[in-house]
Amino acid sequence: MAQNPYCLGAEIHVELSENQGGEEEDDTWSVPSDHDYDDGDDGEEEDEEEEEEEEEGEQLNYPPYFYLQGNEEDEELSLADSYGVIPMPIVDSFEGEFYKGQIFHSKQAAQMAIKHHALQRNFQYGVVESSPSIWKVRCLRHKDDNCPWMVRFGCRDVGGEWTVRKAELVHSCSSTTQPTDHRHLDVDMISEAVKHLVRAQPNLSVLTVQAELKDKFNMQVTYKKAWYEKQRALEKLHENWEESYNFLQTFLRVVKRKMPTSVIDWVRVPSTQPGHSIFQRVFWAYGPCIDGFKNCPGVMVVDGTFLTGKYKGVLLMASSFDGRKKIFPIAFAMVESDNTESWPWFMRKV
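For the sequence shown, full-length UniProt numbering assigns the number 1 to the initial residue and increments by one for each residue that follows.
Note that these hints are calculated values from the structure, not bench results. On a predicted model such as this, the values are computed, not experimentally measured, just so you know. Quick reminder that beta carbons are idealized off the backbone N, C-alpha and C, glycines included. Among the hints, erroneous ones may be present.
[As the list claims (entries may be wrong)] Mimicking DSSO-like on lysine-lysine, the simulated pairs with C-alpha atoms at most 30 Å apart in a straight line are:
id	residue 1	residue 2
1	Lys256	Lys107
2	Lys258	Lys136
3	Lys325	Lys258
4	Lys225	Lys312
5	Lys166	Lys136
6	Lys224	Lys349
7	Lys349	Lys310
8	Lys258	Lys236
9	Lys225	Lys107
10	Lys349	Lys325
11	Lys225	Lys294
12	Lys107	Lys258
13	Lys294	Lys258
14	Lys349	Lys256
[Stated by the list, open to error] Label pairs and their calculated CB-CB ranges:
id	residue 1	residue 2	range
15	Ile103	Phe251	24 to 30 Å
16	Val299	Pro260	24 to 30 Å
17	Ser244	Ser337	54 to 60 Å
18	Asp265	Pro202	48 to 54 Å
19	Leu237	Asp265	27 to 33 Å
20	Ser172	Ala211	31 to 37 Å
21	Pro274	Val158	38 to 44 Å
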């Protein structure tokens, strides 16, 4: 019997970082998020219940400014709550068969295994029962062809392990799935399948993503869908652009609490939305770097680099060198552009 990579084969550790709230500020940084591209989730035609659905939305392009919404109660964010939890691993392949008593570490792992199984054997299934303790799927052609294929999972404790309670693995139907149309080749499956490629080469082409999916699932996805799933994989690895910018305020707040001699200065402009302001610039210098500069030669070098992500801008930096002739960072700033206002502002702060 082939080993089930989704089953519990090793102890899973979930670590929480120490709650490291920072000083309160007037605003909490939040930004509008792009709608995720999705083509729907598992389901059953006619009277069979879908487990979950996600709405498909447009890809929105926001200007390179970020709203800072005022809410003092929400200001004390915890790094443990936002970024400290190590997600459970999801294996991106399933080569074995299901059997009674088989254990999966989560419902999501069981769902991913079923999807891989259906893709590899070129059939489609529908969810006929879904609850916090039961998840049951059948072959989509069980009504027309009386196909008996069925797998039923159960969970005793909410959030605990899921076990195969019953499995009928013989198909009596003939698959009609086409290589370009499979309902279970969804956003989660594709992003998991290409995540290792995106990790190794974030700038890989969309054609490479399409070729990987063709090789792995024998499915030809559209260029648009492959592009969206590459972005989805990047978000899973590095969080999305909005969350990364949101985290900067939390990070600098924690820096100020842990290193009180640090210098942090935000520049915001008024917004037409009540209770909001718009981020324009931020300057920060770590306390230990400020103290360490006293022992450096009296030379400072300033430079900047253009940010090439979704939201443009310029990262400015001031540095010196220590007694070993190594680069010694002093201060940083993120500004809207390289112009005659941002540079004088940065030099005054330094």
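Hint consistency between lysine 349 and lysine 256 [alpha-carbon to alpha-carbon, up to 30 Å]
Holds, at roughly 16 Å.
Hinted pair, alpha-carbon criterion (30 Å max): lysine 349, lysine 325. Please report holds or violated.
Measuring from Cα to Cα gives roughly 25 Å; hence the hint holds.
54 to 60 Å was suggested as the range; check whether the CB atoms of serine 244 and serine 337 agree with it.
violated, 19 Å
Is 48 to 54 Å respected by the C-beta to C-beta distance linking aspartate 265 and proline 202?
For aspartate 265 and proline 202 the Cβ distance comes to about 31 Å; the hint is violated.
Decide if the proposed pair is consistent with the structure: lysine 258 and lysine 236, CA atoms, cutoff 30 Å inclusive.
Holds - the C-alpha atoms of lysine 236 and lysine 258 are around 29 Å apart, at most 30 Å.
Is it true that the CA of lysine 325 sits at most 30 Å from the CA of lysine 258?
Within the cut-off at roughly 28 Å; holds.
Please work out if lysine 224 and lysine 349 have their alpha carbons no farther apart than 30 Å.
Violated. Lysine 224 to lysine 349 sits at ~45 Å, over the 30 Å cutoff.
Is the distance from the Cβ of serine 172 to the Cβ of alanine 211 consistent with 31 to 37 Å?
Holds: the Cβ-Cβ distance is about 35 Å, inside 31 to 37 Å.
Does the Cβ pair valine 299, proline 260 satisfy 24 to 30 Å?
At roughly 27 Å between Cβ atoms, proline 260 and valine 299 fall inside 24 to 30 Å, so the hint holds.
What's the verdict on lysine 294 and lysine 258, does the C-alpha distance respect the 30 Å limit or exceed it?
Answer holds: lysine 294 to lysine 258 is near 21 Å, not above 30 Å.
For lysine 166 and lysine 136, compute the direct alpha-carbon distance and say whether it is at most 30 Å.
holds, 9 Å
Pair hint lysine 107 and lysine 258, alpha-carbon separation not exceeding 30 Å
violated, 39 Å
Checked against the numbered hints listed earlier, the structure breaks hints 1, 2, 6, 11, 12, 15, 17, 18; every other hint is satisfied.
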